[in-house]
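Visitor: Sequence:
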Amino acid sequence: MRILNFKNLSASILVLLFVITATAQNVYTLIEKNSKLSVTGTSSLHDWEMTATGFTAETGLKLEGNAVSEIQYIKFSVPVSGLESGKNMMNNKAYDALQENSPR
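Here the sequence shown stands for residues 1 to 104, numbered as in the numbering used here.
Hints are computed from structural coordinates only; laboratory data are not their basis. Errors might be hidden in some of the hints.
Pair by pair, the computed Cβ-Cβ distance ranges are [what the hints assert, rightly or not]:
(1) His46 with Tyr95: 15 to 21 Å
(2) Trp48 with Glu70: 33 to 39 Å
(3) Ser43 with Glu70: 36 to 42 Å
(4) Lys62 with Glu32: 22 to 28 Å
No residue lacks a Cβ here, since even glycine has one placed at the ideal position from N, Cα and C.
Make the full structure from the sequences, and use the hints.
Guide: Okay, here's the thing in structure tokens:
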């Protein structure tokens with residue numbers, strides 16, 4: 001299974017989606033059941049959308065008062081097999097393009 005890593009996520013979106021864990025490092029972890037992730041795009045034939053399951057996300061933030069002053073790290077992953085369009089042909093093309101079965 002190949003994991004997609006997305007590093008350029010907006011801190012404001014992450015802060016809205018994350019729940020504070022009880023640590024002194026200001027680590028926030030995504031709760032999947034309270035979140036929705038979809039990937040949308042356009043091909044030469046039609047627009048498409050795939051929804052994701054099994055995704056994880058975590059971020060470390062430095063806070064000053066109620067404001068984020070520094071993003072220390074962001075970890076985000078989605079298993080390729082967790083992407084679903086509802087159409088087998090679309091799924092297979094996406095899995096092939098993302099090389100689901102290739103070794104790391």
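Visitor: Are the hints correct? Go through all of them and say.
Guide: Against the structure, the hints:
For His46 and Tyr95, the hinted distance range of 15 to 21 Å is satisfied, since their beta carbons lie about 19 Å from each other. Taking the beta carbon of each, Trp48 and Glu70 are about 36 Å apart, inside 33 to 39 Å as hinted. The given range of 36 to 42 Å is respected by Ser43 and Glu70, whose C-beta atoms sit roughly 39 Å from each other. At about 25 Å, the beta-carbon gap between Lys62 and Glu32 stays in the expected band of 22 to 28 Å.
The structure meets every hint from the earlier list without exception.
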